[in-house]
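Enquirer: Sequence:
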Amino acid sequence: MFETLKNAWKVADIRKKILFTALILVIFRIGSAIPVPFLDASVMRNWMGTVNDGNLLGYIDVLTGGAFSSATVFALSISPYITSSIVIQLLTIAIPALERMAKEGEEGRRRINKITRYTAMGLGLIQATAYYIMLRNMGALTYKSGFSGVSSAIVIILTFVGGTALIIWLGDQIDSKGIGNGISMMLFAGILSRGPAAVSKLWAYIQLANEGHTQYYFLVPAVVILFVVIIAFIVMMTNAERRIPVQYAKRVVGRKMYGGQSTHIPIKVNMSGVMPIIFASSLLAIPGTIGAFVNVKPDGFWAGFFALFSTNSWFYALLYFLLIIAFNYFYVAIQYNPIEMANNLQKNNGTIPGIRPGRSTSEFISKVISKITLVGALFLGVVATLPILLSSVAGMNISLGGTSILIVVGVALDTMRQMESQMMMRHYKGFLE
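First residue of the sequence shown? That's 1 in our numbering, and the numbers climb one at a time after it.
The hints are simulated quantities; they were obtained by calculation from the structure and are not laboratory data. Check before you lean on any hint, since a few could be wrong.
Stated by the list, open to error - Quick list of in silico lysine to aspartate or glutamate cross-link-like pairs, EDC-like style, CA-CA up to 20 Å:
{"id": "1", "residue 1": "16", "residue 2": "414"}
{"id": "2", "residue 1": "10", "residue 2": "420"}
{"id": "3", "residue 1": "371", "residue 2": "175"}
{"id": "4", "residue 1": "144", "residue 2": "40"}
{"id": "5", "residue 1": "268", "residue 2": "241"}
{"id": "6", "residue 1": "17", "residue 2": "3"}
{"id": "7", "residue 1": "17", "residue 2": "414"}
{"id": "8", "residue 1": "6", "residue 2": "420"}
{"id": "9", "residue 1": "17", "residue 2": "175"}
{"id": "10", "residue 1": "268", "residue 2": "414"}
{"id": "11", "residue 1": "268", "residue 2": "340"}
Said to hold, decoys possible - Derived DEER-like restraints, expressed as beta-carbon distance ranges:
{"id": "12", "residue 1": "43", "residue 2": "204", "range": "21 to 27 Å"}
{"id": "13", "residue 1": "358", "residue 2": "26", "range": "28 to 34 Å"}
{"id": "14", "residue 1": "33", "residue 2": "137", "range": "38 to 44 Å"}
Think of the CB as a built atom: it goes at the ideal place given N, C-alpha and C, for glycine as much as any other residue.
From just these sequences and the hints, can you work out the full model?
Expert: What follows is the structure in structure tokens.
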């Protein structure tokens, strides 16, 4: 990776793109620190520090890099866009018009992206309104009643929505003038900004070890080693794939012969990315979010019920693991159609060696995808739950979420691939030389 960055920096055009992307990310982080007018951000920050961490608000705060708990201009960050992308992606399977649009090539994808952005603005308006109501109930508003209260509400809500729109625009600028992956780079920067907080927590445990809690002399290095191992494991599994061999028959068109080549269908082990983890996290965050707003007796039934959905409980880890596996199968099922893959092979005179075309081919592809999906689901489940189990066993509250690590490593790998492809295009000699 460092060699790729070094070589990319030597190319003037790519160097300009890297600097432009870095400038956009700096603007993004500055916006994450600008406070929204008419709000006392300390009220929200203190409240987020006392509630259970297994709720939806804490999950949004991780994705926004702490901007949500600070009630800044970019408090919603790209969470409305992520939700919108998931919704539109699922509707593409269910609505024939969107499915046809997705198959229209570049123009169809451009129209779907426009629909996704409009949907994100609508969801952002809903989330901003809910966020305003929550802040008002917590007493974080400067003006609450009369005309001043109405005007401040409009300013606050529009500021949150405008922040989301600005982030989406900044992401588009990275796509067009930077190194690409604009929205993912925003998410990457937001999560990575929480790195100093994680380091400070580890340093605090070292201070406890110096005060007599000697077990942290062993636990802190173990956490660091585990962090490195998880990153290496994610890189290995992200690049892993199962290749199904395909042989194309020779055919004569006019005086030319086409086909006769051997290739393969690559099926990645981690076909669904972090989507199953996002689905499972959002679903399991609902009880914790409800518990954060409901006053329950400390020794009552509901207190024990909500405690089960704490991110440090064994029940949460087990249910989280099972939901990730279930959502992984669901997401792969709506993304890959073995029958359509078999029909496309048959139309192009392609066959899998030893497998009959048609139904036998689709059954073989379905069987391979099912096995690979299980491996990918177990991989996601282990990565997501291992930090939870470590925190529970070691008794350390560390900011080491599996989702965050997957996103950071995945975006880093995609960015490196894009930079390598851009360098390859500039060094391709072609037929003009």
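Enquirer: Would you pick out the hints that fail for this structure and give their numbers low to high?
Expert: 3, 13 and 14
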